[in-house]
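First to last, the sequence lines map onto chains A and B. Every number in my numbering is 23 more than the matching position in the first sequence, counting from 1. Every number in my numbering is 996 more than the matching position in the second sequence, counting from 1.
Hints are computed from structural coordinates only; laboratory data are not their basis. Please note that a few of the clues may not be correct.
Derived Cβ-Cβ restraints for the label pairs, each shown as a range [stated by the list, open to error]:
1) F171/A - N1090/B: 55 to 65 angstroms
2) L95/A - L1412/B: 54 to 64 angstroms
3) K1392/B - R78/A: 28 to 38 angstroms
4) L137/A - K1392/B: 51 to 61 angstroms
5) I1148/B - D84/A: 36 to 46 angstroms
Derived EDC-like pairs (lysine to aspartate or glutamate); straight-line CA-CA distance at most 20 angstroms [as the list claims (entries may be wrong)]:
6) K1392/B - D1374/B
7) K1428/B - E1467/B
8) K1209/B - E289/A
9) K1209/B - E197/A
10) K1465/B - E72/A
11) K1204/B - D1108/B
12) K1128/B - E197/A
13) K1126/B - E76/A
Beta carbons: idealized from backbone N, C-alpha and C, even for Gly.
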Amino acid sequence: MHAQLVSRIGQSILVLWAAFTLSFVLLQALPGDAVLIRFLGGDLGLSPEQIAELRVLYGADAPIWEQYIVSLSGFLTGNFGYSVISGTPVATEILTNLPPTLWLAGLSLAAAALLAITIALTANLTGFAPLKAALENLPSLMISVPVFWLGIVMIQMFSFQLGWVSVINPGPWEQLALPVIAIAVPIAAPLAQILLRNIEAVSRQPFVQVARAKGAAPAHVLVRHILGNALLPSLTIAGLLFGELIAGAVITETVFGLNGIGRLAERSVRFQDTAVLQAIVVISAFAFLLINLAVDLLYPLVDPRLRRDDVKGATA
Amino acid sequence: MTSQDTVFTKNFAAAGLAVLLATTIAGSAIATETPKVGGTLTYLEQQPHTVLYPPAGGFYPNGGILNQITDKLTYQNPETLAIEPWIAESWEINADHTQFTFKIRPGVTFSDGTPLDAAAVAANFDAFGKGKGERKFPVSEVVNNYERSEVIDPLTVRFHFKKPSAGFLQGTSVIGSGLVSLSTLNRNFDELGDATLVIGSGPFVATKQVTGKELTLKARTDYNWAPKLLAHQGRPYLDEIRYVIVPEDGVRIGALLSGQADFVRQIQAYDEPQVTARGYQIYAPSTRGINNSVVFRPDNALVADKAVRQALLHATDTQEIVKTLFSDSYPVAKSIIASTALGFKDISAKLTHDPKKAAELLDQAGWKLDADGLRRKDGKLLELTAYESPPQPQNKATLQLISQQWGKVGVKFNVLAGDAGSRVQDSLDPQKTPVAPAMVGRADPDVIKSQYHYANRNVLLQTGGVSTKVESFRDETLNGLLEGIAAEVDPAKRLKLVEEVQNYVIDQAYAIPIFEEPQAFGGAPYLKGIRFEAVGRPSFYSAWLDR
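Okay, chain A solo, but in the shape it has when bound (with noise of 0.2 angstroms):
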């Protein structure tokens, strides 16, 4: 277990780099850089020799081996240096922009993982086949929605016809209901479909006819009996919606007016604004590490199978 734990945080630490280092690469393939957007962008109106001189400054025209030396070490130091373009330190812009996005994210997909279990259980438990069969094709409806779509449509409905939620001035609550919403219904949409078709294929096993002929009833199986086994496929699933939660989060971000990683994102790429990206870059691998690893740790929770016996073999 020990051992396993050290070469697990090993791994992690080499993801980690591998990460800097081929972000570090592509960045410095791109066209240009942030100093001559910066620069030569056109508000300021520089002479050529005003703009080597800061380039000089900037250390943009240095060996790009130097250039990586300085910034692996200023990441290995914490010292994460300025954004060109906001003109503020990169750890105050990921400290300001992490938390909205990790609530918005995190309460995203739980809003997510209820939609579907809400819709699955529905699904399974009325009788009436009409409803079965629309809330079954639910989830290809929910995924069809685009994000931006659906968040322009509800800010008119419910902040600018009905007033209900300020989007320009809102509580700290208020300003997440409506993205928590915009997000969560294309991410609930895979979910559902996952477990809807996982449902149904473990309620034909012969344990849950077994369970049904001892005279289970029908919530009882389907909650203590097939819901479990079905889940796991779904957790799987959730660990790669990550990806698709910050893709959300850039949209959703914009649309809205947050503050967040996404947008941070989305603004850094726009201007090469190489020092922030490092940042988010190491940052974003950093969470998918660290979601695996959960994924990894809830799979034998969920399913007894995959306990490992440790006690047993010690005193075997």
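Please arrange chain B on chain A, whose structure you already have, making use of the hints.
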């Protein structure tokens, strides 16, 4: 001190008359309403501000903030464009415009309590005029030929220039010359994205910033140094301004119309009707500089021939562009500079839409129409390319419409979007971008030099400028005229040069001016007293909420 008095009186007399007119007209409306003090104004901006080093104030989101938190040495009257006293009570300029002496108004303080005196003004212009390498401060575009400052007494400062610098006096009034405290000048360029670190003497102070999302400005109740000629003196009427970044056009307008915001920037022409239909107001102050145009890079062989450029100028239907894509807020260009700019000359007779003439010119130049409807010369296709410029209103649509119009005379014109890096890099290469969109706002003829001279923005891409990709193109006649504008101290002769340059640029068909670019804002009906500086940035000093 007589020469000081003369200059001062001359400026004052010209300005005074205009102000008198302006106040009598405006006075009748204002007299009936007493401004209400207090309240918070919610202002929606499309993009977050960047570094708030004053010379970077040209970027509109930056200018909208700097105009509230900093004051300038002089005040350019937005109606008359005359230069009036502000932080400088008076000034003296020597005969060849190489020495400018300013008397500073006593009792002005920065929001950190330090005095705004001669030493502070000197430190500001030393930074703007020479840059500050160790702080990464770039040189200000509006302060040319700067040599040094000299503090004569605590309230008198003199600036020395290496060459005559006629534009400097106006340069002290622009958004990029906002005065900041010594503590701000001692920070690094990269830190100044935090508005709360930018300490000015303006009527508002930045108190809280969530980078990329919002910014709060609070009124300075001890503010008592507005430009003397303004009717409003003393503290600003508002208590607070909240800047909120809302990138989505529809959300900004919806928020305005549903009462969640009071003032918004960047209303697209096609959205104007839904704002005015509800009794809300569109403000479209002119940027008074170089019109929204497309320019040619004659270093590229395809557009090196004047006849080809003239043909494309006559193939362009600016009326159609403005009618199709814009509104009354966007007047059709009558020259390379706006009709509200100093020295404007109506040369619209040279800018006619004439596709027949265009075709003739191209035929004569040897570009023959092929069976596929495109023009070729020695087997080479007449195919041009430009990148869209995202900050300009509907620039992509504008270029695409031009592409259709040029297509009618057989010229292929590609419009690229592209990432910022490729755009900036390719825009420096005349082979890749023989055509480019261009515009810049500033209410002084120096702006023309700034735009076209090889050592400045160099939009035509001449040799000796920012681009290393240019092989041979250089127009010394143009450069000579432009340098003349920057150096000429006699205002009448200077305006004559401005007229000559306008004619020259169009006669050479270096640029196709399209429309006079405004900054479009929307405001709630209960919002009163909004003013704009000479280049269209809002001032909230006299704004108040009637509700």
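Verification of the hints:
For F171/A and N1090/B, the hinted distance range of 55 to 65 angstroms is satisfied, since their beta carbons lie about 60 angstroms from each other. In this structure the hint that L95/A and L1412/B lie 54 to 64 angstroms apart at CB is violated, the actual value being about 35 angstroms. The supplied range of 28 to 38 angstroms is met by K1392/B and R78/A, whose beta-carbon atoms lie about 30 angstroms from each other. Judged by the Cβ atoms, the range 51 to 61 angstroms given for L137/A and K1392/B is violated: they are separated by roughly 42 angstroms.
Under the hint 36 to 46 angstroms, the C-beta atoms of I1148/B and D84/A, about 42 angstroms apart, fit the expected range. Taken as a hint, the K1392/B and D1374/B pair is broken in the structure, with Cα atoms around 31 angstroms apart against an allowance of 20 angstroms. A distance of roughly 13 angstroms separates the Cα atoms of K1428/B and E1467/B; the hinted pair therefore holds under the 20 angstroms criterion. Simply put, K1209/B and E289/A have alpha-carbon atoms about 14 angstroms apart, close enough for the 20 angstroms limit, and the pair holds.
For the hint pairing K1209/B with E197/A, the CA-to-CA distance comes to about 16 angstroms; that is within 20 angstroms, so the pair holds. With a C-alpha separation of about 16 angstroms, the suggested pairing of K1465/B with E72/A holds against the 20 angstroms cut-off. A threshold of 20 angstroms between alpha carbons decides the hint, and for K1204/B with D1108/B the separation of about 15 angstroms falls inside it, so the pair holds. Under the criterion of a C-alpha separation no larger than 20 angstroms, the hint pairing K1128/B with E197/A is inconsistent with the structure, at around 46 angstroms.
Pair hint K1126/B plus E76/A holds up; C-alpha atoms about 12 angstroms apart against a cutoff of 20 angstroms.
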